[in-house]
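The task is simple: from the sequences and hints, build the whole structure.
Protein chains in written order, with the working numbering: chain A, 1 to 282; chain B, 1 to 377; chain C, 1 to 293.
No lab work stands behind these hints, which were simulated from the structure alone. All C-beta atoms in this analysis are idealised placements derived from N, C-alpha and C, irrespective of residue type, glycine included. There may be inaccurate statements among the hints.
[Stated by the list, open to error] Using C-beta positions, here's what the derived DEER-type ranges look like:
(1) B/V201 <-> A/A5: 52 to 62 Å
(2) A/I238 <-> B/Q101: 22 to 32 Å
(3) B/V201 <-> C/V275: 50 to 60 Å
(4) A/D126 <-> B/G125: 16 to 26 Å
(5) C/S50 <-> A/M57: 28 to 38 Å
(6) A/T129 <-> B/G100: 15 to 25 Å
(7) B/Q101 <-> A/A156: 47 to 57 Å
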Amino acid sequence: MTALADFYAKHSRLIDQIGVNAILALSLSVSLQAGQLALAQAAFAGIAAYVSAILAMNAHWPLLASIIAAMLVSTVVAALLAFPVRRLRGVFLAIATIGFGEIVRVFANNLKITGGAEGLSGIPNDATTPVIYGALALVAIALFFLSRTKFALAVALVREDEYAARGVGIDVGAIRTLSLALGGAIAGLAGALYAHASFFITPSDFGFPRMEQILVWCVVGGVTSPLGAVLGAALLSILPEAIRFLADYREISNGIILLAVILFAPGGLASLWRRGVVRVRS
Amino acid sequence: MNRIVPALALVAVAALVAPSGAASKGPAAGKNVHVGVIADVTGAAGVYGTPQKNAYELANEDIKSGKIDAGGANLTFDVQDAATDPAQVVNLMQKFMSDGQTPIVLGPTLSGEAFKAFPIAAKAGFPVMGTSTTAEGVTALGATVYRDSLAESQVIPTTVKRSKDKWHYKTAAIIYGDDNAFTKTDGDIFARELKAAGVDVVDTETFHIKDTDFQAALTRIESKHPDVIAIGALFPEATKIIQQAGKLGIKTHMIGGNGLNSPEMYTVAGPSAQGTVVGAAWYSGAKYPSNVDFVKHYTAKYGKGPDQFAAQSYAAAQIVAYLVAHGATTKDEMANSLKGVKVIQTVLGPIGFDGNRDVKSSPVILSIVKGGFTYFH
Amino acid sequence: MIAQQLLNGLFLGAVYALFAVGYTLVFGVLDILNLAHAAIFTAAAFAAFSLALAGWPLPLAFLAAAVLAGLIGILLDRVAFAPLRARNAGTLVPLISSIGVAIIIGAILRGIYGVDEKHFTTGGLDAAPVIHLGMVTFTTVELAIFFSAIVLMLGLSYVLRATTLGRRIRAVAEDRVAAALLGVDLERTIAATFFIASGLGGAAGVLTGLEYNSVTLDMGGPIELKGLAVIILGGMGSVTGAVVGGFILGAVETLAIAYGLSPWRDAIVFGVMFVLLVARPTGLFGKRALRQA
Chain A
1 MTALADFYAK HSRLIDQIGV NAILALSLSV SLQAGQLALA QAAFAGIAAY
51 VSAILAMNAH WPLLASIIAA MLVSTVVAAL LAFPVRRLRG VFLAIATIGF
101 GEIVRVFANN LKITGGAEGL SGIPNDATTP VIYGALALVA IALFFLSRTK
151 FALAVALVRE DEYAARGVGI DVGAIRTLSL ALGGAIAGLA GALYAHASFF
201 ITPSDFGFPR MEQILVWCVV GGVTSPLGAV LGAALLSILP EAIRFLADYR
251 EISNGIILLA VILFAPGGLA SLWRRGVVRV RS
Chain B
1 MNRIVPALAL VAVAALVAPS GAASKGPAAG KNVHVGVIAD VTGAAGVYGT
51 PQKNAYELAN EDIKSGKIDA GGANLTFDVQ DAATDPAQVV NLMQKFMSDG
101 QTPIVLGPTL SGEAFKAFPI AAKAGFPVMG TSTTAEGVTA LGATVYRDSL
151 AESQVIPTTV KRSKDKWHYK TAAIIYGDDN AFTKTDGDIF ARELKAAGVD
201 VVDTETFHIK DTDFQAALTR IESKHPDVIA IGALFPEATK IIQQAGKLGI
251 KTHMIGGNGL NSPEMYTVAG PSAQGTVVGA AWYSGAKYPS NVDFVKHYTA
301 KYGKGPDQFA AQSYAAAQIV AYLVAHGATT KDEMANSLKG VKVIQTVLGP
351 IGFDGNRDVK SSPVILSIVK GGFTYFH
Chain C
1 MIAQQLLNGL FLGAVYALFA VGYTLVFGVL DILNLAHAAI FTAAAFAAFS
51 LALAGWPLPL AFLAAAVLAG LIGILLDRVA FAPLRARNAG TLVPLISSIG
101 VAIIIGAILR GIYGVDEKHF TTGGLDAAPV IHLGMVTFTT VELAIFFSAI
151 VLMLGLSYVL RATTLGRRIR AVAEDRVAAA LLGVDLERTI AATFFIASGL
201 GGAAGVLTGL EYNSVTLDMG GPIELKGLAV IILGGMGSVT GAVVGGFILG
251 AVETLAIAYG LSPWRDAIVF GVMFVLLVAR PTGLFGKRAL RQA
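Have a look at this one:
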């Protein structure tokens, strides 16, 4: 048992990071499952992180209350964003949402209440491992039950063939708004947890590089698979430490590994898992 | 506890004695001491982390050869790359803290990273020292958090005073980076200090880190005709600001802080940089014995002169070596020894730590000339 | 002052446009957002730096670096996109593989050049004659850069409009399957598209390096995002759109600074883009097929 405790003492921060990243990846996965390349999750997480941190530091709200408030804000923002982008598809939606993320980052950089470029320091460090993984479990369970509903079927149809979906009477706009809002809620949860696990946040924690990272996790894991998203986030979060021994060659190895994995398994790691399952069954 | 008192006594005595170059035999002779260093060797801050790594590698060599006196201990600095990723900084901090053999961690490179990682160390009473993390509030993070890099708040007031005494300016413009903690602090402090000196700030312009075109902002500044322009920028942006100012025909006096402290300023920015006043924590031409050696050997080993990031890292190595030479090899001994430091001779000159664990040292006011700097008179 | 600011905006916009055109070409033909474009932009700048250092005259170094960039583009397609095309992997997966290649290119550049900023010390860049024309000031270098960008974009427009290759590219962009059925060699045409797109991106890199006399590992970062805004402004797949978008972006950015709104400048640029997209969901000149000037 002490070996486990020892391992935890050495790696607890990394373990917490994996948990938060998994939730972030799930927030994007929800959008991708609806066929929406909405790349605003990092911004939603950022908004929630700041709301949660400010409430905790300035108004002394307890952890749970500040997380819920933060999630509410990010959900509302996401739902509102769905309106102007309702006619956007594919890469146009992607770039519009990236643009939204940049606008959020600039605001965070310039407002006094967010600390500007100097960031917010001294956030209570009370998002412990049980809290983070408890949240992850809740999200996973919620998504699992959601996947069994008619909503999930509608989402899948919207992804596969939007015109067919409309033809069957599905309110595509509502589906898109709901999935974006759901993504906003989950991203908000991740963002609030991130703030309470980091002591300090700054606008650059939630910019385009972070969004790119989340996208990589999801695609490497498997675009339409929530399990894939979690796998992708976990493995790629561990990767920098796992290949630290490569020292100066770590940077190029990152690129090579990414390229190799995606070329070998374009459907993502989750697709390998499925392939393996099929082979075992037959 | 019994080893601390003689160690502190030795520290007090040693403070009165000028250091020699030969390695002595201290209480830690023969012991292996492994110090952790977190630096952004790659990634966005790679241009700052790489000189830091270079300085520590040079320090490792100098300890082996006895040029830095570690009291015969086998002291090594283990530099780990955090790739400008805050997650990696935190993980490295945890790794070093829990590996059972690291008594102190130096770095990380950026203040933002320090705000994420130092609280972890502070909670555990683990000593850390920043060598480039100059934002306000860093050392306040904990009683074992030290810093050997002069902050802008310690440098800029003197810069403003000395330049105003010489040039007698009445109006000023400030241009600073608004999306980077270091340059933003610069902008705020310049505004504060200029106002306190009775100077009227007629224009303030901002830019973003990695910007390359400052002509729009400079044109605006020029239209207000300030007597002096204060530049709150790091080296890449500062050189372009100065160069483009010259191109637009702006001949106003310019002043800057630590960010401009690089010997390449004139080479890169061109003749427009001549006479710009820079407030700095270190001068490559300062005649402290270990500094002359350091500059010579760093240049020989790496093909270009050291910058302030390198100097402050090397100084941290000197500080740690000093403490090790006087017997501090565990984290508690290190924390205690740091508390008792009076004066240590480094490439930055003789330094100590004040009540806030910030470095006690005087800024040096320089003037850019072809080939580097001279003292500003 | 406004005249000077507008001129600044014009010069800035020309380079943005040149960079964005490469993005839009690849997207028009392949539906892929090539995130290695900025890395090739940077690699070309370093290549030109090395050649200039070795004594090559600047115009020659510029051309050679652009050609090299084009060749890297072809290699990029072979390594990162073609295998996925063969497996029908969709449009999201190639985005990721392009990120992988971008990381690799960055690591190679760092290995060769180190982290320090590089400068062109040859070709009299430092002493470039400054021209005063009424209320505005600019250097001959800036003028040369501006004209190079214009010439290149006109050249592209000509190629697309009047050459066989151009027709083939437009056919593949319009309908890949139909083009193949009509006998167009898909892989050759795609390779040619990458050569042109990356060559132009590389040219933009060299020009940017010359404009500010600065070549750094991260010089591609800011332009990568702005390039996205440009192609959205102009309309994905439209070369004219990319050009117009580039100039609009340059102007908006410069004017934002001129009116003292510099801290909000990126938000303004993306805000304008956002509003435009909402009004015209496929951009100013947008149509998914490839359009030329």
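Status of the given 47 to 57 Å range, CB of A/A156 versus CB of B/Q101
Taking Cβ atoms as reference, B/Q101 and A/A156 lie about 54 Å apart, which means the hint holds.
Does the beta carbon distance between A/T129 and B/G100 stay inside 15 to 25 Å, or does it fall outside?
About 22 Å separates the Cβ atoms of A/T129 and B/G100, which means 15 to 25 Å holds.
Using the Cβ atoms, figure out if A/I238 sits within 22 to 32 Å of B/Q101.
Given range 22 to 32 Å: holds, Cβ gap about 24 Å.
Is the hinted range of 50 to 60 Å satisfied by the C-beta distance from B/V201 to C/V275?
34 Å, violated
The hint says 28 to 38 Å between C/S50 and A/M57; measuring C-beta to C-beta, is that right?
Since the Cβ atoms of C/S50 and A/M57 sit about 51 Å apart, the hinted range of 28 to 38 Å is violated.
Does the hinted range 16 to 26 Å hold for A/D126 and B/G125 at CB?
The hint (16 to 26 Å, Cβ to Cβ) holds, given that A/D126 and B/G125 are roughly 20 Å apart.
So does B/V201 sit 52 to 62 Å from A/A5, Cβ to Cβ?
For A/A5 against B/V201, whose Cβ atoms are near 57 Å apart, the range 52 to 62 Å holds.
The structure fails hints 3 and 5 (numbered hints given earlier, in ascending order).
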